[in-house]
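Since the structure of chain A is already known, use the hints to place chain B on it.
Chains as they are written, first to last, in my numbering: chain A, -9 to 313; chain B, -9 to 313.
Don't read these hints as lab results, they were simulated from the structure. Since no wrong hints were added, every one of them can be taken at face value.
Identical copies carry no separate label here, and so any pair may be met within one copy or between two of them.
BS3-like mimics (lysine-lysine), calculated; alpha carbons at most 30 Å apart, straight line:
| # | residue 1 | residue 2 |
| --- | --- | --- |
| 1 | K221 | K257 |
| 2 | K51 | K186 |
| 3 | K186 | K251 |
| 4 | K78 | K257 |
| 5 | K186 | K257 |
2 protein chains.
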Amino acid sequence: MTQHITEQQVAHRLLAADDILLLAHQYPDGDTLGSNFALCLALQTLGKRVRVLCGDPIPEKYDYMTEGVEMPDFEPAFICALDVADSKLLGPRVQELYGHRVDLCVDHHGTNTGYAAETCVDASCAACAMLILRIIRLLGVPLTAAMATCIYTGIATDSGCFKYSNADALAHRMAAECMDLGIPYEMINRVNFDMKSRARIELERMALDGMEFLHEGRVAIMTITNEMVEKSGADENDLEGLPPIPRQIEGVWVGITLRQKADGNYKISVRTGTHADASAVCALLGGGGHNRAAGCAVDGTREEVRAAIIRAAEIAIPRLITG
Amino acid sequence: MTQHITEQQVAHRLLAADDILLLAHQYPDGDTLGSNFALCLALQTLGKRVRVLCGDPIPEKYDYMTEGVEMPDFEPAFICALDVADSKLLGPRVQELYGHRVDLCVDHHGTNTGYAAETCVDASCAACAMLILRIIRLLGVPLTAAMATCIYTGIATDSGCFKYSNADALAHRMAAECMDLGIPYEMINRVNFDMKSRARIELERMALDGMEFLHEGRVAIMTITNEMVEKSGADENDLEGLPPIPRQIEGVWVGITLRQKADGNYKISVRTGTHADASAVCALLGGGGHNRAAGCAVDGTREEVRAAIIRAAEIAIPRLITG
Chain A
-9 MTQHITEQQV
1 AHRLLAADDI
11 LLLAHQYPDG
21 DTLGSNFALC
31 LALQTLGKRV
41 RVLCGDPIPE
51 KYDYMTEGVE
61 MPDFEPAFIC
71 ALDVADSKLL
81 GPRVQELYGH
91 RVDLCVDHHG
101 TNTGYAAETC
111 VDASCAACAM
121 LILRIIRLLG
131 VPLTAAMATC
141 IYTGIATDSG
151 CFKYSNADAL
161 AHRMAAECMD
171 LGIPYEMINR
181 VNFDMKSRAR
191 IELERMALDG
201 MEFLHEGRVA
211 IMTITNEMVE
221 KSGADENDLE
231 GLPPIPRQIE
241 GVWVGITLRQ
251 KADGNYKISV
261 RTGTHADASA
271 VCALLGGGGH
281 NRAAGCAVDG
291 TREEVRAAII
301 RAAEIAIPRL
311 ITG
Chain B
-9 MTQHITEQQV
1 AHRLLAADDI
11 LLLAHQYPDG
21 DTLGSNFALC
31 LALQTLGKRV
41 RVLCGDPIPE
51 KYDYMTEGVE
61 MPDFEPAFIC
71 ALDVADSKLL
81 GPRVQELYGH
91 RVDLCVDHHG
101 TNTGYAAETC
111 VDASCAACAM
121 LILRIIRLLG
131 VPLTAAMATC
141 IYTGIATDSG
151 CFKYSNADAL
161 AHRMAAECMD
171 LGIPYEMINR
181 VNFDMKSRAR
191 IELERMALDG
201 MEFLHEGRVA
211 IMTITNEMVE
221 KSGADENDLE
231 GLPPIPRQIE
241 GVWVGITLRQ
251 KADGNYKISV
261 RTGTHADASA
271 VCALLGGGGH
281 NRAAGCAVDG
291 TREEVRAAII
301 RAAEIAIPRL
311 ITG
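Bound-form chain A, shown alone:
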């Protein structure tokens, strides 16, 4: 069992440590990367040897956070995972190397499995980056524009650019604090929320064409197959930000996105509103996440995966059927 510790204790552990390896989750997003690179910069300011490791390549669009950050080579003496709810989410390679010996995990997922020796979770935070901002303060390191750029990215990306229910007053105030340092928020927002390639536009059109509605429009299912990706010319970057689309349609309680993986099996994303708990749906298929946004992976054909997730939604949310 993991020990739960406070942010103050996290700061003490980090101040005492050196040769620190920070870990991001696979399919890296703005929050896991923002958390990792902000903390990396803060710890390097203290003269420590630190680097960030991610099981997947970091998408080019995040170059503005990663470029120029030194990544020294050393044998890790302290391993800290940020925004990683389960050691499986480190990806197979990193999990095998380090998954069994993570010293500390800082996270904002209530579903955190407690795989690390010590864990600091605050599920009330919209982004893990908000915890990191507080930890940087506790480390006594002055926030720089480079760190603030990473923190802002984490808050903005995990809150759908301040659109989701988790975008509370604290999220806005922390964003404002970052902006006071003169960060390029216009570019960050454009890169993360407002820029689509022509291939992405084409992929969205195909996905919308195949959108399926069930239970009087309360469930919407969108499928992205490898064939569609290939036909549209979309790359990995183009595939981000698709899961919110089905739930954006009026009357939809549960928005489901089936995304085929390279091996032919499927990654499922579930998004819900106030009517339903997304993590309860995904838990039935071995996944997890937040109340309004969760995910799981299911092996099988498109039809099998579709049937499994529909059944999970019907079980977890009986009102889907009764109305």
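Relative to chain A, chain B alone:
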């Protein structure tokens, strides 16, 4: 010529006035309505007779701001336009009735034409509602959740839910101040940014199908004809929020949306990034707006209107052609 006055002077004028008619612009959006209803509630708290007038019907989705607000009948003694850059934007009926005798205009458009006797403009504010929040403070009226709901709506809608360049630290802090009062921001965001009817999805698909690219992809033109609207089953609500779409495509400097009006002529919206000035483009066709978002109306066939706006963009932004 109008007299330019400070927010403090605005508060003095309003404190001295009674039987106040507040005016919103036609095609009402979240900012003009949020500004009007917040100020209406604040002035009613002071025991004044106040009502809001808009030249167009208010879309149902804004019911959460308008419901329960008393709209007494009286002969206006003081007329105040909020977020209305030009008296033409009151719409023909309201302009004819009151356009020539507006006592005061509070606005955040740098292009305000100065049609009112006195004008208070702060073009640095993302939303007119931000000026209104400061004016409510100056009136000495405690902010209520109902007022804060209107102010938040104005800030969020005019900043693309904190995505555009105008969403600065002050916009975030004012949003947080509104949220402290317990406003239903999740519902507000869902209604304004995250809910699309099936008809809207269909309309977007048709619009994307017809998207045209010019000058090596630096210009994207999307056209919404009356025929497309009819075919999709879209209503007036479904037509909001389309203008940002063309500029969201990678490499696009100037995103242009041509929307056919009931009379067959076109309303044009122009969106730009850091490379170009949208209001300079629209000014050439008798329109105006902000640096990154502007509009104009052009009479003619689709082909004529298309040719006119392309020419205006080429004149206002020579680098479109030279690269």
